[in-house]
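Peer 1: Chain by chain, the residues run as shown.
Number of protein chains: 2
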Amino acid sequence: MTASRMKIQNSPTIRRMPAYLHRLLEMQQEGRESVSSTELAEYMHIEPIVVRKDIALTGISGQRRVGYHVDELIRFIKNYLGWQNPVRAALIGAGALGTALLGYDDFAHYGLILDSVFDCDAKKIGTRIRGKEIFSMESMEERLKKSPVSLAIICVSSAAAQSVVDRLVNVGVRCIWNFANVSLRTPPGVIVQREVIAGGLAMLSVKMKNSRLHPGAEILE
Amino acid sequence: MTASRMKIQNSPTIRRMPAYLHRLLEMQQEGRESVSSTELAEYMHIEPIVVRKDIALTGISGQRRVGYHVDELIRFIKNYLGWQNPVRAALIGAGALGTALLGYDDFAHYGLILDSVFDCDAKKIGTRIRGKEIFSMESMEERLKKSPVSLAIICVSSAAAQSVVDRLVNVGVRCIWNFANVSLRTPPGVIVQREVIAGGLAMLSVKMKNSRLHPGAEILE
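If you read the protein sequences in the order shown, they are chains A and B. Numbers 3 to 223, taken from this note's numbering, label the letters of the first sequence in order. Numbers 3 to 223, taken from this note's numbering, label the letters of the second sequence in order.
In short, the hints are calculated from the structure, not lab data. All values derive from a computational prediction rather than experimental measurement. One or more of the hints may lead you astray.
One copy or two, either will do: identical chains are not told apart, so a pair holds if it fits within one copy or between any two.
When the alpha-carbon atoms are kept at most 27 Å apart in a straight line, the in silico DSSO-like pairs for lysine-lysine are as follows [what the hints assert, rightly or not]: (1) K211 <-> K147; (2) K125 <-> K148; (3) K211 <-> K80; (4) K80 <-> K134; (5) K55 <-> K9; (6) K147 <-> K126; (7) K9 <-> K211; (8) K148 <-> K211; (9) K134 <-> K148.
Whenever a hint applies, use it, and build me the whole structure from the sequences.
Peer 2: So, in structure tokens, the structure goes:
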């Protein structure tokens, strides 16, 4: 008997949420109290009706003429994504991509705490990259047992990814954000999100193709 | 009067295409001649019906019991994405993220030729990163006039991105893949794809939330 299956709905909406949140957090910094769906649509390069549908999914209700309260909308989006509480994460692989992720300031605003960074390069171990100490791959299990994380970000090579993930699963990690270009095998109950960087290139390519077929049209997502 | 608007349909399907292609190219290397939707579904961690719908959009027809011919499916996916002909691209910003993209081997299989790499760091200019010579930001216009590109990949800081894109648009670049965490203003006819790295984190977070609400269920995309 197979376990029940649950399909994630609204994935384009979910993927847009961090971009809304990024702009709303900027607005909060600027002291803005409210925002209209039209303004968010211009920022996102999508239709206002899409913005209204996206935001309706968070459960907030806008007010006629006022739009959405910035603080409230931030709270609703964070709740929708489950970002109201901080999550501790490990980063495995501090190469170019791992280093880029360590520099992604928004993670802190989203409650993602990059707690432990591991790499196999002896020259990096014990040094700091973007303020984070780099630990050896050999020490991974020991350290994660002492300081458990909810999430691991995989930035190792495709060839190394499966064995790293097996080790992480063995010490109880149940949630994997996989940047290696490989499909991972994991036991039931482990959640994997695979990032395929070329997914964005595919989107761009289809937009280019459509703009050749429909010259002059504004291509919206 | 506003220009006509054209909404991109099927964005989750489009985003999945490079992952199918990646696996199919591996199979081609392995000498495999055919593949079933069930096998691709297992690889992608999605339902077979979703695979069949995705692939049907490319216009190919599968054969009962045989499945899809690997070579033919590769060709149909490349045509669907407009990847049948090579595209020359410039990379702006050879920091950690830019360096990671230079190491993404699949781009070559997708016909993306990273032709010119620019950076503002005097220490990098004239050196090679992953085999690519780094040119100065000052030389960007001159070089792109001599060797035009169809596409520019923006890996500079958010603060620098808009002025870099303005310069690219001025020399005729009409297609921007933006990794800076900022919404760009571009004139009509310029196509922009913004990558929000936290989009994947949002997907993962919603999967985590659903797995808490429906323990034991397999969470599919």
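Peer 1: Hints the structure violates: just list their numbers, smallest first.
Peer 2: Violated: none.
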